[in-house]
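Protein chains: 2
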Amino acid sequence: MEKGYIQVYTGNGKGKSTAAFGLAMRAVGAGLKVIIIQFLKGQKYSEHSSFKKLGIEYELYGTKEFIIGEPSEEVKELARNGLKRALKAFEEGYDVVILDEVNVSVYMKVFSVEEVMEVIKSKPDNVELILTGRYAPQEFIEIADLVTEMKEVKHYYQKGIQARRGIEM
Amino acid sequence: MEKGYIQVYTGNGKGKSTAAFGLAMRAVGAGLKVIIIQFLKGQKYSEHSSFKKLGIEYELYGTKEFIIGEPSEEVKELARNGLKRALKAFEEGYDVVILDEVNVSVYMKVFSVEEVMEVIKSKPDNVELILTGRYAPQEFIEIADLVTEMKEVKHYYQKGIQARRGIEM
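Those protein sequences? They're chains A and B, same order as listed.
FYI, the numbering for the first sequence is 0 to 168, going by numbering that gives the first Met the number 0.
FYI, the numbering for the second sequence is 0 to 168, going by numbering that gives the first Met the number 0.
Next comes chain A alone, as it looks inside the complex (with noise of 0.2 Å):
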């Protein structure tokens, strides 16, 4: 790519994460090279099939359990080798890299505002980052070039409706 940006999607609406899903399914489309680097999911979701079957790469580095309170240093480690993914992945010649959910990682202490800051200060002139996830900090909204917030204006899960696989997993 000739030339790459950084996009935060973030806010409390449902559609962060599918909209830099379905960016990396145009991008791998169009021949680029996508890898998506996950935080906090550790479980399988729906939609890793489809990243196999179009060569998206995805690789985890949450946890199968949800965090409560201060994340344990297993977490934190685990996060952290997801930030050296990116730095590599960077060296690799990919073209769209996605960080999926670094923005609330920050906000749970996972990791540091500076520590992502890093990493999104190596990014390559050529490569498209893509942060998601809720709480953007305001250091990620300072250095993005686009940034969208997903705001909700109406959730059934307000009505009480459990995941869907398929929809929501």
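These are computed hints drawn from the structure, not numbers from a lab.
It is possible that part of the hints are untrue.
Examples of chain A residues lying across from chain B (beta carbon under 7 Å, computed) [unchecked claim]:
(1) 12
(2) 17
(3) 18
(4) 22
(5) 24
(6) 25
(7) 26
(8) 45
(9) 64
(10) 65
(11) 144
(12) 153
(13) 154
Glycine residues also receive a C-beta, built at the ideal position from the N, C-alpha and C atoms.
Please build the complex by placing chain B on the supplied structure of chain A, with the hints as guidance.
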């Protein structure tokens, strides 16, 4: 699928169609049957080859040219065929039906709110219906179970950058 809902992705920010595409990708990964009916768009997009690879059905009901002012009879006819296609898809056992750019199509008077509302109201209970595009009419928002507004916080287009293959198209 056991129970399907109505989702709306609207707003002036980037990520509405891609969120729907990411959802499509997740759905087929779970073995669900998906169709994307695209309004206004008649041209080739990079994601189309990925749709094919994943077995996501997609059909275009738009012209290659952008619509300026009052849409022609040809444009209206084509778009109405898209709505008819949706009704047929409801009978054909699709689990997820995506009406891409249907919101803005109403805004551009390609068809009326009422014509689309008829389709929405015909949705079988086990079908997930996704409506994308800016300027979602109030009627769609009211009938929907989930509404996300993609709000543009910052956009590099404001700096005058052209659409890039694999990222915007």
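Okay, the hints, checked on the actual structure:
Hint status for residue 12/A relative to chain B: holds, with the closest Cβ pair at about 4 Å, below 7 Å. Interface restraint check for residue 17/A: the shortest CB-CB distance to chain B comes to about 3 Å, inside 7 Å, so the restraint holds. Using the Cβ-Cβ criterion of 7 Å, the hint placing residue 18/A at the interface with chain B is satisfied: the shortest such distance is roughly 4 Å. The criterion of a C-beta within 7 Å of any C-beta in chain B is met by residue 22/A, whose closest approach is roughly 5 Å, and the hint holds.
Interface hint status for residue 24/A: upheld, as the beta-carbon distance to the closest one in chain B is roughly 4 Å, under 7 Å. Here the hint on residue 25/A is kept, as its CB sits about 4 Å from the closest CB of chain B, short of 7 Å. Checking residue 26/A against chain B by beta carbon gives a least distance of about 5 Å; that is within 7 Å, so the hint holds. Given hint, residue 45/A at the interface with chain B, holds; its Cβ is 4 Å from that chain's nearest Cβ, closer than 7 Å.
About 22 Å separates the beta-carbon of residue 64/A from the nearest beta-carbon of chain B, more than 7 Å, and the hint is not met. Taking 7 Å as the C-beta contact cut-off toward chain B, the hint placing residue 65/A at the interface is violated, the least distance being around 20 Å. Of the supplied interface hints, the one on residue 144/A holds, with its beta-carbon coming within about 4 Å of a beta-carbon of chain B, less than 7 Å. The interface hint given for residue 153/A holds, since its Cβ lies 4 Å from the closest Cβ of chain B, which is under the 7 Å cut-off.
For the restraint placing residue 154/A at the interface with chain B, the shortest Cβ-Cβ distance is roughly 5 Å, inside the 7 Å limit, so the hint holds.
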